[in-house]
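Taken in order, these protein sequences are the chains called P and R.
Its first residue numbered 7, the first sequence is counted upward by one per residue in this note's numbering.
Its first residue numbered 7, the second sequence is counted upward by one per residue in this note's numbering.
Treat the hints with care, since some could be wrong.
As the list claims (entries may be wrong) - Straight line, CA to CA, 25 Å or less: simulated DSS-like cross-link-like pairs of lysine-lysine:
hint	chain 1	residue 1	chain 2	residue 2
1	R	Lys-130	P	Lys-18
2	P	Lys-125	R	Lys-169
3	R	Lys-69	R	Lys-125
4	P	Lys-40	P	Lys-169
5	P	Lys-47	P	Lys-18
6	R	Lys-130	R	Lys-40
7	R	Lys-47	R	Lys-169
8	P	Lys-18	R	Lys-69
9	P	Lys-69	R	Lys-47
10	R	Lys-69	P	Lys-169
11	P	Lys-130	P	Lys-69
12	R	Lys-69	R	Lys-130
13	R	Lys-18	R	Lys-47
14	R	Lys-18	P	Lys-130
15	P	Lys-125	P	Lys-40
16	R	Lys-69	P	Lys-47
17	P	Lys-69	R	Lys-18
18	R	Lys-169	P	Lys-69
19	P	Lys-125	P	Lys-69
20	P	Lys-130	P	Lys-40
21	R	Lys-125	R	Lys-40
22	P	Lys-169	R	Lys-125
Unchecked claim - Computed footprint of chain R on chain P, listed as stretches where at least three residues anywhere in the stretch have a Cβ under 8 Å from a Cβ of chain R:
hint	segment
23	12 to 23
24	26 to 34
25	48 to 57
26	61 to 70
27	104 to 118
28	149 to 161
As the list claims (entries may be wrong) - Computed beta-carbon distance windows for the label pairs:
hint	chain 1	residue 1	chain 2	residue 2	range
29	R	Ala-20	P	Gly-128	17 to 23 Å
30	R	Asp-12	P	Ala-54	26 to 32 Å
31	P	Glu-23	R	Ala-170	49 to 55 Å
32	R	Ala-20	P	Ala-166	36 to 42 Å
33	P	Gln-85	R	Asp-12	38 to 44 Å
34	P	Pro-38	R	Ala-170	36 to 42 Å
35	P	Ala-25	R	Arg-36	20 to 26 Å
36	P	Ala-54	R	Glu-62	25 to 31 Å
37	R	Ala-20	P	Leu-21	27 to 33 Å
38	P	Ala-25	R	Val-55	27 to 33 Å
39	R	Ala-170	P	Pro-22	45 to 51 Å
Calculated from the structure, these hints are not laboratory results.
Note that the Cβ used here is the ideal one computed from N, Cα and C, for glycine as well.
Number of protein chains: 2
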Amino acid sequence: MTDDTDRPGDRKVALPETADAVVYFIGRIRTPWKHRDDCPKNGGESDAVCTIALDERYAAGLKDVATCTHLVVLYWMDQAPRDLVVQAPRHYGEPHGVFAMRTPARPNPIALSVARLLKVEGMKLSVVGLDCLDGTPLLDIKPYFASTDAFPEATVGWHAARKAREQAR
Amino acid sequence: MTDDTDRPGDRKVALPETADAVVYFIGRIRTPWKHRDDCPKNGGESDAVCTIALDERYAAGLKDVATCTHLVVLYWMDQAPRDLVVQAPRHYGEPHGVFAMRTPARPNPIALSVARLLKVEGMKLSVVGLDCLDGTPLLDIKPYFASTDAFPEATVGWHAARKAREQAR
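Chain P extracted, bound-state conformation (with noise of 0.2 Å):
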């Protein structure tokens, strides 16, 4: 995605020859974003329900599911580019390492955002809480657990400082 490389203070890597593993699309995410300048920065920046389409073929995979209040759900950012290692954000400019940032481009463009479940109808999950462009692939849903996942005291020290630098202008 070129507007996700070649900007100033990219750093780049080689990536191995051979792959480890590999992932199946399971389903699909319907949102109203169509092209990546109009996905909001995170997901909690926007109220929009979006769709989680999960494939015929895992159904049996959500028994229970409709219990929980809030889920993680993993995705694939297919258009994401894989050998950044150092990247300026999009937003803002001094560059960072990619395992410091929730950019998409990383080594392996796995996404994870916590949505808000509003209701399962079949095959389908209403939910609030992501960012990513619409037909995003699906790879995984997990009951979300404050009791291991829910850190409030948590902070991203780069991020609060330049936050700071922002407030004091």
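Given the structure of chain P, go ahead and fit chain R onto it with the hints provided.
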């Protein structure tokens, strides 16, 4: 892995004949647990310090990771069966859909833990909060953002009901 298969209530599907994408193992996770039965039930159950050893190739990707207090760690459960869609959990009886559980058995055996970062030394990250076997392949490291990832109010209905039943006994 035999202890993940052929339990009463298990339900399998035929997986697709072709894969949709490939992943690279970008490092290994070192933990104290050499056998499945030694592993904690989840990352919150142990204070053991584990080590994420990233491959040298991706070194630059760690820039600014040390400023994060918590990380999302994705890893590949390479010993889990991929064809189960309904499974009776190891620790208690009633079967659930794999998408309503955090079992490693799922079409794409990608596991997720939120880990507390203690330090970064070269390619090695010391963390608390992992639950996997020693040598587990690493897929990704992401910063944990409380603003989009922390939902302390989230509940998993089937799990809460089971706990309530246990406490009523």
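Hints, one by one, checked against the model:
1. Straight-line distance between C-alpha atoms of R/Lys-130 and P/Lys-18 comes to about 21 Å, which keeps the hinted pair within the 25 Å bound.
2. Only pairs whose Cα atoms come within 25 Å are accepted, and P/Lys-125 paired with R/Lys-169 is accepted, the gap being roughly 24 Å.
3. Taken as a hint, the R/Lys-69 and R/Lys-125 pair is honoured in the structure, with Cα atoms around 13 Å apart against an allowance of 25 Å.
4. As the CA atoms of P/Lys-40 and P/Lys-169 are separated by approximately 29 Å, the hinted pair breaks the 25 Å bound.
5. The straight-line distance between the Cα atoms of P/Lys-47 and P/Lys-18 is roughly 23 Å, inside the 25 Å bound, and the hint therefore holds.
6. With a C-alpha separation of about 20 Å, the suggested pairing of R/Lys-130 with R/Lys-40 holds against the 25 Å cut-off.
7. Annotation: proposed proximity of R/Lys-47 to R/Lys-169 holds, straight-line Cα distance about 15 Å (limit 25 Å).
8. Restraint check: the Cα-Cα separation between P/Lys-18 and R/Lys-69 comes to about 13 Å, which is no more than 25 Å; the hinted pair holds.
9. For the proposed pair P/Lys-69 and R/Lys-47, the alpha carbon gap of about 21 Å is at most 25 Å, so the pair holds.
10. Taking the CA atoms of R/Lys-69 and P/Lys-169, the gap is near 18 Å; set against the 25 Å cutoff, the hint holds.
11. With a CA separation close to 13 Å, the supplied pair P/Lys-130 and P/Lys-69 stays within the 25 Å bound.
12. For the proposed pair R/Lys-69 and R/Lys-130, the alpha carbon gap of about 13 Å is at most 25 Å, so the pair holds.
13. At most 25 Å may separate the alpha-carbon atoms for a hinted pair to count; R/Lys-18 and R/Lys-47 meet this at roughly 23 Å.
14. About 21 Å separates the Cα atoms of R/Lys-18 and P/Lys-130, which keeps this hinted pair within 25 Å; it holds.
15. Between P/Lys-125 and P/Lys-40, the direct Cα distance comes to roughly 24 Å. Compliance with the 25 Å bound is thereby established for this hinted pair.
16. Of the supplied pair hints, the one linking R/Lys-69 and P/Lys-47 holds, its CA atoms being roughly 21 Å apart against a limit of 25 Å.
17. Between P/Lys-69 and R/Lys-18, the direct Cα distance comes to roughly 13 Å. Compliance with the 25 Å bound is thereby established for this hinted pair.
18. Between R/Lys-169 and P/Lys-69 the alpha-carbon distance is near 18 Å, which keeps this suggested pair within the 25 Å criterion.
19. Pair hint P/Lys-125 plus P/Lys-69 holds up; C-alpha atoms about 13 Å apart against a cutoff of 25 Å.
20. The suggested pairing of P/Lys-130 with P/Lys-40 holds, with an alpha-carbon distance near 20 Å, which does not exceed 25 Å.
21. Taking the CA atoms of R/Lys-125 and R/Lys-40, the gap is near 24 Å; set against the 25 Å cutoff, the hint holds.
22. Simply put, P/Lys-169 and R/Lys-125 have alpha-carbon atoms about 24 Å apart, close enough for the 25 Å limit, and the pair holds.
23. Residue count for the segment 12 to 23 of chain P with a Cβ under 8 Å from a Cβ of chain R: 5. That meets the three needed, and the coverage hint holds.
24. Three residues within the 8 Å Cβ limit are the bar, and the segment 26 to 34 of chain P against chain R gives 7, so the coverage statement holds.
25. As drawn, the segment 48 to 57 of chain P meets chain R at 3 residues by the rule of a beta-carbon pair under 8 Å; at three or more, the given contact holds.
26. Counting residues of the segment 61 to 70 of chain P whose CB lies closer than 8 Å to any CB of chain R gives 8, which reaches the minimum of 3, so the coverage claim holds.
27. Only residues whose beta carbon comes within less than 8 Å of a beta carbon in chain R count, and the segment 104 to 118 of chain P has 10; three or more means the coverage holds.
28. Given a C-beta distance limit of less than 8 Å, the hint that chain R covers the segment 149 to 161 of chain P holds, as 13 residues qualify and 3 suffice.
29. Distance hint check: the CB atoms of R/Ala-20 and P/Gly-128 are about 20 Å apart, consistent with the given range 17 to 23 Å.
30. In this structure, R/Asp-12 and P/Ala-54 break the distance hint of 26 to 32 Å, their C-beta atoms being roughly 42 Å apart.
31. At roughly 53 Å, the beta carbons of P/Glu-23 and R/Ala-170 sit within the given window of 49 to 55 Å.
32. Distance hint check: the CB atoms of R/Ala-20 and P/Ala-166 are about 48 Å apart, inconsistent with the given range 36 to 42 Å.
33. Evaluation of the 38 to 44 Å hint for P/Gln-85 and R/Asp-12 yields a pass: the beta carbon distance comes to about 40 Å.
34. The hinted range of 36 to 42 Å is satisfied by P/Pro-38 and R/Ala-170, whose Cβ atoms lie roughly 39 Å apart.
35. In this structure the supplied range 20 to 26 Å holds for P/Ala-25 paired with R/Arg-36, their Cβ-Cβ distance being about 23 Å.
36. A C-beta distance of roughly 41 Å is found between P/Ala-54 and R/Glu-62, which places it outside the suggested range of 25 to 31 Å.
37. A hinted range of 27 to 33 Å holds for the C-beta pair R/Ala-20 and P/Leu-21, which are about 31 Å apart.
38. P/Ala-25 and R/Val-55 have their C-beta atoms about 31 Å apart, which keeps the hinted 27 to 33 Å range intact.
39. With their beta carbons about 48 Å apart, R/Ala-170 and P/Pro-22 fall inside the hinted range of 45 to 51 Å.
The structure fails hints 4, 30, 32 and 36 (numbered hints given earlier, in ascending order).
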